[in-house]
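Peer 1: The task is simple: from the sequences and hints, build the whole structure.
Protein chains: 2
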Amino acid sequence: MKQSLVIVKVGGKIVEESDTLEQLLDDFNAIPGNKLLVHGGGRSATALAEKLGIESHMVDGRRITDAAMLDVVTMVYGGLVNKKIVASLQARGVNAIGLTGTDCNVMMSDIRPVKDIDYGFVGDVKAVNSGFLSSLINQGIIPVLAPLTHDGKGQLLNTNADTIASEAAKALASMFKVTLIYCFEKPGVLLHEDDDNSVIPYISYYDFPRLVQDGTISGGMIPKVQNAFNALQAGVSSVLITKAESLDKLTGTTIAL
Amino acid sequence: MKQSLVIVKVGGKIVEESDTLEQLLDDFNAIPGNKLLVHGGGRSATALAEKLGIESHMVDGRRITDAAMLDVVTMVYGGLVNKKIVASLQARGVNAIGLTGTDCNVMMSDIRPVKDIDYGFVGDVKAVNSGFLSSLINQGIIPVLAPLTHDGKGQLLNTNADTIASEAAKALASMFKVTLIYCFEKPGVLLHEDDDNSVIPYISYYDFPRLVQDGTISGGMIPKVQNAFNALQAGVSSVLITKAESLDKLTGTTIAL
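Note that the protein sequences, when read in sequence, are chains H and P. FYI, the numbering for the first sequence is 1 to 257, going by the working numbering. FYI, the numbering for the second sequence is 1 to 257, going by the working numbering.
Possibly wrong hints are sitting among the right ones.
The list makes no distinction among identical chains, and a pair is therefore deemed to hold if it is satisfied within one copy or across any two copies.
The calculated lysine-lysine pairs, modelled on DSS-like cross-linking and capped at a C-alpha distance of 27 Å, are [stated by the list, open to error]:
no., residue 1, residue 2
1, K13, K51
2, K13, K224
3, K13, K2
4, K177, K13
5, K243, K13
6, K13, K115
7, K13, K153
8, K115, K224
9, K177, K2
10, K249, K13
11, K153, K177
12, K126, K51
13, K177, K51
Hints were generated in silico from the structure; no laboratory data involved.
Peer 2: Now the structure itself:
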């Protein structure tokens, strides 16, 4: 029987401010068994860019990444946010290792082709070194993945953290029984946008088109749920959409085929 | 018989500008057998700090590291410089992994006690996870170490890259026949400060006090040579002081007991 593996993706303010980060890592630490953490850091990247006089341009929540912005996200995601998380996990006796996609070729990508929009140095994942990740996990080590990949030709590429999490989950699904948890600002997918008590506990593949059509799932939530279904179809056991503050209870919206 | 391991420490401009970095990594790559790279990044840290309006204070070449400067060096050493090197090595088909001291607890340190000078968040190394480093090396992976450590209680600490290199060399000396190479701006220890052709090919422990007394070895070179002797006394096989541009020829000053 496969061992279980819980992959948690957390972005937003919670990973970037020390008070909330400490609580988050306590909750993460309390999840039993094998674990892997994927983090964002967009707010800190935007803040650093602003201080350096570099303008941030976002299209549909995705960051346009020119050479100066790539340096910013490499510093913030690969350095500041990643290493603070790892040091805080080590302080809990958790043997964590911070990795970007270029480290041991953990995640390779192709630069996104220019169609309507030139995203710049943004990568679409094409290969995951699941052998190396699983060998770390089997040694009791917790990988902490920053949302950066590389093209194998020397170019670092900015990559969406949700995608990093789902690609890691899919690649590791042949070796582990993978639960993928997306933490975001809301306690789950909401029936009524402004009512945090209206969490939809369960969305099946059958329900999904109807919920998109009637507007319940809209905007940035559509690709999140679609990503979840893609992961399930690739062998991931279950996907949970929740908020970071609920990580201790593991409540939220379960996505199922 | 122990396998060989070459540990190269490179700092300065050469690792921070892409043209010179590419040549350096070609030369590094040409060294046969097991390898480990330790890098600096001080110029980029100073430049970023300046852009952010953070003043750099140095005492005897050591950086005073307050909380804001710690964030800067974490971004520059752990993110920007480290990940660019790793991506460039991967482009050469070299399976490199970028690590700070907190990753898998590779290097733990104590914050430096305040005596005459308060260095701030600066760490003195107290333990090296040589087991993890050697397991990577034995898998053919090249560790690339950034000059950052942690105290095991959640605090990242800025740590001199020369020290990172010598501590790694000493800790790995029981497992490998270690050659430690320090690259700096000069082609070796010079008999006449301004004459690059006056490299002293060989300095023994017997010569050292005399060369300090007569002023041949002075300033920042004294702790470099002293560090080399400490490493040799702790079991490191040989130490070479050279400049990065001579890494392909491995000429310079050999330090010996």
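Peer 1: Does each hint fit the structure? Answer for all of them.
Peer 2: Here's how the hints hold up against the structure:
no., hint, in the structure
1, K13 <-> K51, "both (18 Å within a copy, 24 Å between copies)"
2, K13 <-> K224, "within (19 Å within a copy, 43 Å between copies)"
3, K13 <-> K2, "neither (34 Å within a copy, 49 Å between copies)"
4, K177 <-> K13, "neither (30 Å within a copy, 47 Å between copies)"
5, K243 <-> K13, "within (12 Å within a copy, 44 Å between copies)"
6, K13 <-> K115, "neither (31 Å within a copy, 38 Å between copies)"
7, K13 <-> K153, "between (33 Å within a copy, 23 Å between copies)"
8, K115 <-> K224, "within (22 Å within a copy, 54 Å between copies)"
9, K177 <-> K2, "within (6 Å within a copy, 40 Å between copies)"
10, K249 <-> K13, "within (20 Å within a copy, 50 Å between copies)"
11, K153 <-> K177, "neither (33 Å within a copy, 32 Å between copies)"
12, K126 <-> K51, "neither (34 Å within a copy, 36 Å between copies)"
13, K177 <-> K51, "neither (43 Å within a copy, 47 Å between copies)"
Comparing the model with each numbered hint stated earlier shows that hints 3, 4, 6, 11, 12 and 13 do not hold.
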